[in-house]
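**Q** Just so you know, the UniProt record's numbering puts 107 at position 107 of the sequence shown, and the rest follows in order with no gaps.
Have a look at the derived ranges for each label pair, beta carbon to beta carbon:
1) 52 to 234: 25 to 33 Å
2) 31 to 211: 21 to 29 Å
3) 241 to 76: 34 to 42 Å
4) 31 to 241: 33 to 41 Å
5) 200 to 79: 16 to 24 Å
Since the hints were derived computationally from the structure, they do not count as laboratory data.
Glycine included, C-beta positions come from ideal geometry on N, C-alpha and C.
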Amino acid sequence: MASTATAGEIQDEVICAICLEYLMEPVTIACGHNFCQACITQYCEGKGTGTPLACPQCRAQFQKGEFKPNTQLNNIIQKIKQLGLKPGKGQKEDLCERHEERLKRFSNVTLDPDTAHPDLVLSEDGKSVRWGDTPQRLSDNPERFDTEESVGRKGQISCNPYGGIWAVQRWGGEFRALTSPVTPLSQVPSRIQVCLDCDRGQVTFIDVGDEAPIFTFPPGSIRRERIRPWLWLVCKSQLRLCP
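Based on the sequences and whatever the hints tell you, model everything.
**A** Structure (structure tokens):
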């Protein structure tokens with residue numbers, strides 16, 4: 001058991017926080033975090049000219065092109081690959097029967113009518129939600145949002161990790177991660193997959209269309225408590241949960 005845990009800890013250090021695979025041609029940026037050279041280059045190019053660059057893990061600022069090849073780390077990764085270990089596992093992997101992928105705890109999520117804001121109208125199957133024209137008359141039970149477990153449900157809330165919320169948002173023509181301050185994002189996906197790594201305390205949003213990471217909140221930012229999906233709609237907008 002001890003050797004397996006050690007292997008897992010080592011693997012955490014050699015996995016790219018952007019693509020969540022073993023680092024390829026790893027480079028180190030100013031804060032000391034490592035990424036695939038292709039991943040961090042694409043990340044920088046997606047920010048546009050004049051946009052401040054922040055480390056995808058710790059949010060420390062760095063300059064475009066200001067990264068160095070990490071040859072020693074690359075050698076370690078090659079040795080790990082020779083052992084036949086898969087990213088994130090120190091032993092044989094389990095596969096999800098439905099998705100035929102490494103088991104990631106795929107969950108069938110439905111919307112909870114007992115916590116929904118009175119302005120939100122849920123479908124009968126609990127899979128879609130839209131902004132209603134008039135508030136519904138619902139019981140003001142303790143669980144219901146009018147705005148934790150950790151997130152405040154009454155009055156004003158802080159839509160960032162300090163308020164217990166890790167989210168991305170489309171507001172007008174902008175798409176952004178709700179960090180503090182917000183982080184502008186270049187791609188605007190139509191379908192989003194949310195990947196929660198409870199062991200690392202990390203959440204990643206992925207574009208289902210091209211399977212590219214949209215944004216990753218730093219490891220250790222998620223608290224050790226029950227985590228719930230959080231959806232926010234305004235002005236006749238609507239969302240649907242996909243299988």
